[in-house]
Amino acid sequence: MRILEGQGVTKFFGGLAAVSNVDFHVDRGEILGLIGPNGAGKTTLFNLISAALPLSSGEIRFKGRKLNGLKPHKICRMGVSRTFQETKVFANMPVLQNVLIGAFFGTPTRVSGADATGEAAKALEFVGLSAMSATPIDDLTLVNQKRVEVARALATKPELLLLDELMAGLNPTEVNEAMELVTKIRDTGITIFMVEHVMKAIMGICGRIIVLHHGEKICEGTPQEITGNKQVIEIYLGEGAHAGS
Amino acid sequence: MDITRLFTTHRKLLWVGFLILLIVFVLTFPLYAGKYPTRVLTTMLMYAILAVSWAMFSGTTGYMSLAPAAFFGIGVYSMFLLQDYLPFPVIIVIGGLISFALAILLGLVTLRLKGIYFTIFSFGLVVFIGNIINYVEADIFGRHGWYFPLLDPAILLYTMFGLAVVTVLAIYFIKRSRLGLAMQSIGGNEEAAEHMGINTTRIKVLTFAISAIFMGAAGVVTGPAFVYANAGLAFSVTYSFIPIVAAVFGGMGQLHGPIIGALVFGFLEKTLKAQFQTYFMLGFGIIMVLVILFLPNGIVGLLPMLRDKLRGVIRKLRKGGEAEQHANT
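Quick mapping for you: the protein sequence lines, in order, are chains A and B. Going by the numbering used here, the first residue of the first sequence is number 2, and it counts up by one from there. Going by the numbering used here, the first residue of the second sequence is number 2, and it counts up by one from there.
Think of the hints as simulated: they come from the structure by calculation, not from any bench. Among the clues, some could well be false.
Claimed, not checked - Sample of chain B residues lacking proximity to chain A, with all beta carbon distances greater than 10 angstroms (derived):
1) Arg40
2) Leu83
3) Lys115
4) Gly188
5) Leu207
6) Arg316
What the hints assert, rightly or not - Only some residues are given here: those of chain A computed to face chain B with a beta carbon under 8 angstroms:
7) Ser51
8) Ala53
9) Asn69
10) Pro73
11) His74
12) Cys77
13) Arg78
14) Arg83
15) Val90
16) Asn93
17) Met94
18) Ile102
19) Gly103
20) Gly107
21) Arg153
Model, not experiment: these values are computed from the prediction. No residue lacks a Cβ here, since even glycine has one placed at the ideal position from N, Cα and C.
Looking at chain B on its own, in the form it has when it is part of the complex (with noise of 0.2 angstroms):
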């Protein structure tokens, strides 16, 4: 039987096979795995909404946003500031909704600005925003950080993986639908999106906003997994640029790029970080440099690359043996 044959003929059925097994796994982890693991496997899939999200509308349109850690702080205060007054589905709700009403706010604004002008702009709001915070907290407050109640960590891997498996459908569905074919229409050319009675101001505000929901929604289930943060703890310009990082990695062009580059960047960081920070950040400046010289698709590019080149092999080596059955007869 060809190995390759049974990819593509059964390409459904593989995936159905794959999803339960996935959740059986993240299901079942906690059970044998103990806490610390739990808590890595929690943060992997939140760099997945994150890289998800940010994928969907700077891969997409084009207009690179280094905002990610604004609305993932969003989601970590509305956290802490409703924690004692409602249940914790509902502010995973409101922290979205809140995320997405800045974004429109910011959008509006912002959005005009085009390249690395939205870029820079972009990166000064975290910045901005977790200074602001910072000072109401500090300066009028006086408060220096602050706790969550612990929660169990099986309880905040099953909110993060329903999260993410919610981001993950919700953007599937956005890419083929008529604003999906809108959004890529704006990166393709925005001035003749424009002409082609695309209304491109609305669509990319809204498409950020969107994107930011589940930004907001991943930073309130992260809450409780600090234990103890700040404003600089949770507008941590991280939560930008490992997204973005993972996603460039992973490859842009498929939604299943993002989240494979998340999961590998949020394993790395949690486990190898912490014992060998310089050599980390060594090794991973190289891959990066490597993946963009030669593999511009990302990972995901690779596999249909070793396989167009498997099957010219296999090609080759029957072509090899005929001709030998040839020269034998």
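The following block holds chain A by itself, in its conformation from the complex (with noise of 0.2 angstroms):
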């Protein structure tokens, strides 16, 4: 079954067309992930979905409903949560409030104050940081704060997550542990959709990749069928390297 799903997804940016009449769509309960070079307009792609920016045409629809011209407010309280590339924390708060407010205002319906924290410090625990919550956000290494944004955005009891380069930055031990923790989160029913450039944790984990290049959707599969396309290939190794092996 779908639970997101996009037709002609259209993005300008003046004359430059970041994202070109994509058709996408995700499964309830896979991991999907997006890839393709610097520039192919993945993080615009996830920002049409988020509605961070508005689309120039075409349509977005999650479960059935269309996401056209809703503000990133009603997204997130519809079921669609997401992180940032360039972290986005709330500076001046602790780690636990960080969470908290995805907990309070993320939600469709209203949740009480203690109702909150206890989300959100489930939440923390989950990403394996309760240990911290009282520390300054502003403290947290860039690992714990991509942590962070995953906990703020699982408080907002997401359908379905977007993960934009959770694992750029990170250390192979890290990453490991980060895809472990992208999988538990698909065990407890959550759809993940997710960016990334670390090829190992891509393979790893993702049923389904799509592949963007200068805007547009080039191919889609499984992990084996993408590393043996052909035009995949180039695009990331260049003609040269391919008419020489």
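Could you fit the two chains together into a complex? Lean on the hints.
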């Protein structure tokens, strides 16, 4: 069953098509990967889904409901939550309060203070940061700030979670931990759509992958299909590498 | 008895005692202090109201508004226009509500602007409204200024004090509410706040307008103290600048920072400025630079800093004493 569906999704920045006529869908319960070289339009596509940017044309549907024209806070409350490529934490607050805001405001129904605090603590425990709940967020390392973003997104009780380069800048051990975390989130019933550059992670946990290049979708399939695709190899390694092999 | 310990364990009791003393002080002040000092104290409280309500919105969300003078002036004009028709307390409420309504309107237009653009627009607003009123007054009705009826300075002081108490209490509760948390998240990272389910436009417009209520009400109460006024006086940019400077000076992080800053500045403005205009501005500038450089949390940030230092010194002295004892045995 399709939880998210995009048809003819297009975004122009001036005359440049950052995302051009992309059709895509996310199935409920899967981990879908989105890859492509820098500037391919991956983050832009995420920004269109979460309504950080308005669509130029096309439409996006979540559980059959059209998202066009909705504001980001509405989309979050409907059950689509996200993290950011460059972490966007609430700089002036401790860790727990960062997550608390997700629990307080991100759910469709009004939550009491005690319930929200409980949810926030649970989400922090899930990502393994319980011990740091009182620490000022600025004192955390990049890895841990990214985890706080995940916890904050989880606290909004999403059905679909958009992860934008969760693993960028992490060392191999941290990448393994992050992969485990993503799988664990999926196992709780949350569908995951992730942008990633770390190929090991993408190939390891995604059931299906979409490849973007210059704003266009060039192919889509299982990790095996993607690694065997001529066009993908050309984009990533260059034509010369292909010809020379 | 350790003094620092007294402050931490009996904090609540100390606060209550302090508040009672404050109320008694303000209520008895006009009886022995005379008319001019009473006016000075009223002005100090007025700046405190402006500074706390400014800090509630701008200090928390990071949207630097220069609009307090606009709402203040609206309050002064509400008083002027309605004084013959309605009782004083009703005008205070109406002045607050008019400012609230105007702030909603303006907020919807301007709060989409970010950073310096919002600041400049809010400043333009003060000049714009002042000039429009001046034009209507002088060119259409042919008036140049107007008079307020004389009101007992003691009554004005009590009213301003009451308004200050209401303002501080309201803002105290707003800061601890969901609304306060939402505001704080906007200051922390607006884009993230939007994506965490917060209707940032609504929160910004609403809190901007709530802060305008208190500014407008303060204008109403200040009106009679003007005796004579016109649009230039009522919409003077001073009512934007002093509260902001006072809030920065006092420290925006905590509720009492802007209050203390405003009381200090209100006092200095009323007493020193009249006598030493240029030196006042010079000293004022130097103090501001020093505070911004060395006390990022304002004057109220100084107290915890000194307390920590004091604790350190006491600990050192004790250790020194113990070491000496050890040496002696």
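Cross-check of the supplied hints:
1. With a cut of 10 angstroms on Cβ distances, arginine 40(B) stays outside the contact zone with chain A, its closest approach being about 39 angstroms.
2. Non-interface status of leucine 83(B) relative to chain A is upheld: no Cβ of that chain comes within 10 angstroms, the nearest being about 39 angstroms off.
3. A cut-off of 10 angstroms between C-beta atoms confirms that lysine 115(B) is not in contact with chain A; the least separation is 15 angstroms.
4. Distance check on glycine 188(B): its Cβ comes as close as 6 angstroms (rounded) to a Cβ of chain A, failing to clear the 10 angstroms threshold; non-interface status is violated.
5. At the 10 angstroms boundary, the C-beta of leucine 207(B) stays outside the reach of chain A, the nearest C-beta of that chain being 14 angstroms off.
6. The non-interface label for arginine 316(B) is consistent with chain A: the shortest C-beta to C-beta separation is roughly 24 angstroms, beyond 10 angstroms.
7. For the restraint placing serine 51(A) at the interface with chain B, the shortest Cβ-Cβ distance is roughly 6 angstroms, inside the 8 angstroms limit, so the hint holds.
8. For alanine 53(A), the interface hint holds, the least distance from its beta-carbon to any beta-carbon of chain B being 7 angstroms, beneath 8 angstroms.
9. The interface hint given for asparagine 69(A) is broken, as the beta carbon of that residue sits about 17 angstroms from the closest beta carbon of chain B, more than 8 angstroms.
10. Interface hint status for proline 73(A): upheld, as the beta-carbon distance to the closest one in chain B is roughly 4 angstroms, under 8 angstroms.
11. Hint status for histidine 74(A): holds, given a least beta-carbon distance of 5 angstroms to chain B, under 8 angstroms.
12. Contact between cysteine 77(A) and chain B, as hinted, is supported at the beta carbon level, the nearest pair being about 4 angstroms apart and thus within 8 angstroms.
13. Here the hint on arginine 78(A) is kept, as its CB sits about 5 angstroms from the closest CB of chain B, short of 8 angstroms.
14. A cut of 8 angstroms between beta carbons decides the hint on arginine 83(A): the least distance to chain B is about 6 angstroms, and the hint holds.
15. Of the supplied interface hints, the one on valine 90(A) holds, with its beta-carbon coming within about 7 angstroms of a beta-carbon of chain B, less than 8 angstroms.
16. Residue-level restraint check for asparagine 93(A) holds (minimum Cβ-Cβ distance to chain B is 5 angstroms; threshold 8 angstroms).
17. At about 6 angstroms, the closest approach between the beta carbon of methionine 94(A) and any beta carbon in chain B falls short of 8 angstroms, and the interface hint on this residue holds.
18. The restraint placing isoleucine 102(A) at the interface with chain B holds, with a minimum CB-CB distance near 5 angstroms, inside the 8 angstroms limit.
19. Against a cut-off of 8 angstroms between C-beta atoms, the interface hint on glycine 103(A) holds, since the closest Cβ of chain B lies about 5 angstroms away.
20. Taken as an interface hint, glycine 107(A) checks out: its beta carbon lies about 4 angstroms from the nearest beta carbon of chain B, inside 8 angstroms.
21. The restraint placing arginine 153(A) at the interface with chain B holds, with a minimum CB-CB distance near 7 angstroms, inside the 8 angstroms limit.
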